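Enquirer: Here are the chains, one letter per residue:
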Amino acid sequence: MSMSQTPSSNASIEPKLKSLSDKQVKQLKALLFNDAELAVLDAPAPTIEKLDDPELEKLRQLLFPKEALRQLLLIEDYQKLQTLLAWLEQHQQDPKKLAQALPLAFEELNKNSTRLAEILAPQIEKGLHRSVTKNPQPLIDSLFPIIGPMIRKSISESLSDMLKSINQLVDQSFSIQALRWRIEAQRTGKSYAEVALLRSLDFQVDQVFLIHQETGILLKHLTSPESLHKDGDMVSGMLSAVQDFVTDAFNISEGNYLSELKLGDFTLILEKGPKASIVAAILGKPPASIRLDLQQRLESLHYDLHDEFESFNGDTQAFDSAIEDLESLLICKKRPRKKPILRWIIIILILLSLLGYASYKTWLNFQSQQAWSSLITSLNQQPGIIITHAEKNNLQGLADPLIGDVKNYVSQHKLIDSEVLQIEAIQWQFKPFISLEPDVIEKRIKRHLKLPQGVNYQYTNGVLSLHGQTTHEWLQSNQAKLYSIQGVFEIEHSALTFTDLKAEQMRLQKLQAQHLAEAALQEAINKVESFEVYFSINKTQLSSESKQMLTDLKPALNAIVQSTKQLNQHAELVVIANIDNGNGTLKLNQQLAQKRADAVLTEIKSLIQNANIKFSTRLTSTAVKSIELNSSNIRHVTIKVKVAPNS
Amino acid sequence: MIQKKICLIGAFSVGKTSLIRQFVESIFTEKYLTTVGVKIDKKVLELEEGPIKLMIWDLAGEDDYTEIRLPYLRGASGFIYVADGTRAETLTKIVDIQEHIDADFGRLPFVLAINKHDLIGEWEVKQSHIDHLHCKSWSIHKTSALTGESVDQLFTDLAQQMVKP
Ligand SMILES: Nc1nc2c(ncn2[C@@H]2O[C@H](COP(=O)(O)OP(=O)(O)OP(=O)(O)O)[C@@H](O)[C@H]2O)c(=O)[nH]1
Ligand SMILES: [Mg+2]
Chain A
-9 MSMSQTPSSN ASIEPKLKSL SDKQVKQLKA LLFNDAELAV LDAPAPTIEK LDDPELEKLR
51 QLLFPKEALR QLLLIEDYQK LQTLLAWLEQ HQQDPKKLAQ ALPLAFEELN KNSTRLAEIL
111 APQIEKGLHR SVTKNPQPLI DSLFPIIGPM IRKSISESLS DMLKSINQLV DQSFSIQALR
171 WRIEAQRTGK SYAEVALLRS LDFQVDQVFL IHQETGILLK HLTSPESLHK DGDMVSGMLS
231 AVQDFVTDAF NISEGNYLSE LKLGDFTLIL EKGPKASIVA AILGKPPASI RLDLQQRLES
291 LHYDLHDEFE SFNGDTQAFD SAIEDLESLL ICKKRPRKKP ILRWIIIILI LLSLLGYASY
351 KTWLNFQSQQ AWSSLITSLN QQPGIIITHA EKNNLQGLAD PLIGDVKNYV SQHKLIDSEV
411 LQIEAIQWQF KPFISLEPDV IEKRIKRHLK LPQGVNYQYT NGVLSLHGQT THEWLQSNQA
471 KLYSIQGVFE IEHSALTFTD LKAEQMRLQK LQAQHLAEAA LQEAINKVES FEVYFSINKT
531 QLSSESKQML TDLKPALNAI VQSTKQLNQH AELVVIANID NGNGTLKLNQ QLAQKRADAV
591 LTEIKSLIQN ANIKFSTRLT STAVKSIELN SSNIRHVTIK VKVAPNS
Chain B
11 MIQKKICLIG AFSVGKTSLI RQFVESIFTE KYLTTVGVKI DKKVLELEEG PIKLMIWDLA
71 GEDDYTEIRL PYLRGASGFI YVADGTRAET LTKIVDIQEH IDADFGRLPF VLAINKHDLI
131 GEWEVKQSHI DHLHCKSWSI HKTSALTGES VDQLFTDLAQ QMVKP
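Protein chains in written order, with our numbering: chain A, -9 to 637; chain B, 11 to 175.
Worth flagging that the hints you see were computed from the coordinates, not collected in a lab. Don't take each hint at face value.
Have a look at the derived ranges for each label pair, beta carbon to beta carbon [to be verified]:
#, chain 1, residue 1, chain 2, residue 2, range
1, A, Arg172, B, Val46, 40 to 50 angstroms
2, B, Leu80, A, Leu169, 48 to 58 angstroms
3, A, Ile173, B, Leu80, 25 to 35 angstroms
Which stretches of chain B does chain A cover? Using the computed rule of at least three CB atoms under 8 angstroms from a CB of chain A, they are [unchecked claim]:
#, stretch
4, 47 to 53
5, 60 to 73
6, 76 to 83
Note that the coordinates shown come from a computational prediction; the quantities given were computed from them, not determined experimentally. Here a beta-carbon is modelled for each residue, glycine too, at the ideal position from N, C-alpha and C.
Chain A extracted, bound-state conformation:
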């Protein structure tokens, strides 16, 4: 330690130390020493020499009445003490300077960096935290004016957001209210009650308050029947308190006031007059016009109750006359919830769709009627089906078993308009019967008749005609079967050729037929040639007897025609008349004979028609015995038949 410095220092320190008050010395001591040291210092002091340096000695005396540690301390600690005193002095000065410099420093810092903020932030946070843990009150007090409005604002905003989104949802959907709400609740994930509440109040004036302006005393309070009946007095008081608070806290100028408050589902609309204010508590979203209503009501109340307001002493009875006015406000403001235009659109849409539906239904009905009658007509046209009863969706009648199931038949033949009528919806009640309609018979034939190859058939009017080639045996064994087919009454098989009969057999058959025909021919010829007719003398006319005889020949004559045709032959009839050579002249007799032959021929010709037959006459003269001369048998006519094959 250099002593050279000390004197000059001492010189400046002395007056300072002297000027220190008891209290300051005390402080200084506390600064310099811990408790143990102080205890030693304050102990009774041993006697020691005075210091050489008078300054130091003074200091010693001043600081340490007890001498115990003086020597120990003073030399070394003097220096310490000196610097400390300098420090002390400096620090008494510094804050003032610093206080002046700080704003400038901050300004400078603010200009070009955020460093200060970064440095300070943790300190400020810590400070706040400490302050809150220690005593939250000051902080609460300073935040109160801000927090209230902040909360209200956020509440009202979230509420109106919710309402908005719900309103949109409702605008988009229309159906039965409750159903709509349910759907809505599902869609939005909100509870049904929540949706229902909000939806059922587009707005409803739930309560009306008439509040005395100055005292906040509730003059009149009206509630809607559905209201939850909050204590009106409190609400009123709180409202004016809030009003006061807001006006005061935000330095709002005269004439302005809190005019709307949102609290949960409620919106409070406040209208302030000089003597009283009206507050409407509204559920849901209030319309803009409500304020005008409140204003008008408030104005007229001020006019009507001017004196009562002036002399108000806390007696609210004086304002009973306002009840009616206020009530009207309450009731008449219950408006229909829905936007009228939207509602009309909805109603019209519903009507239109109903109308559309109705006409669609009628059209459908008409269509199904059409389809039904066409079904019945076409069913009746079907061979094998007879409708006996047709009612809506019920059909009764007869059906040939060949038709099968009528329902299947109908759908197979597409007799039903399946787009309009449902086949399954119809009751099909049919009884079997045998139909004799040609189409059905043909079907039946087709079903039962197994014709061999080469044979075809035709069916007309009960006759089944077969043609083509088959065996005779087939015909024999199937004939009965063919007749058993209902509707087949006759079988024509002449056009069938049989492959199983032998050619020889055929020839024999033919031959046999020929013989038969020849025999028949011969018989007929014999019969014809056995004919003989007699004439009296000079007579050429056929007696009626003779005519009868000729007529009797008719079958034989026809048989000749038939048989020759069959045998491919032709016949010639020769009428032979005998000349009477007993009496009279020959010439006369010849003439007579010719006339007689002609008479017979004419008669014959009248009996045979279209005959492929030749006719001729011949005269003969036979010598007769004298006895016979007068008998008529010499004047006879006979017929000769000549047969020859066709060339």
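Given chain A, put chain B with the ligands in place with the hints provided.
Expert: Using the frame of chain A, we list chain B with the ligands on its own:
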């Protein structure tokens, strides 16, 4: 029915809220929940003159007149000043406040409650001070929100003053 607005004024934690709760609901709690802003209660009192409905405004405790939100006092028909008997300075402060209010709002009925009388052992308020105020014809009640001592009298006293013609 006559309605009157009254305000309770006093430093924080002197027991304003407690007094009102005792008066209105006959309840007392040890728990200290400081009043923020203002809280309003009401109670109907049956007086000889007829029923009176008190609208009781419980203001947040303030030490200083300048800190009191004056709009809340508007329209009041009477005041209850409250001091805490265990904190002498709350009485000095309230006397000061009373003077200011008297000046600003005109002479209105008021009563003084020196509260927490049940803590008489820790009592700091000097009787001399009380006597002095008595001389200024103050109406003073030593109350206890805890025991309910003099609480009804406090409110009734003010109510009677207010309805007096
Ligand atoms: N022992 C006792 N405690 C009391 C009495 N009155 C109030 N207290 C207590 O004092 C504390 C403050 O009471 P408050 O009624 O909240 O006081 P305040 O005046 O309303 O306070 P601020 O609202 O903050 O102004 C609470 O813990 C009470 O329990 C009393 O009469 N006796
Ligand atoms: Mg309180």
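Enquirer: Does the structure break any of the earlier hints, and which numbers would those be?
Expert: Per hint list: single violation, 3.
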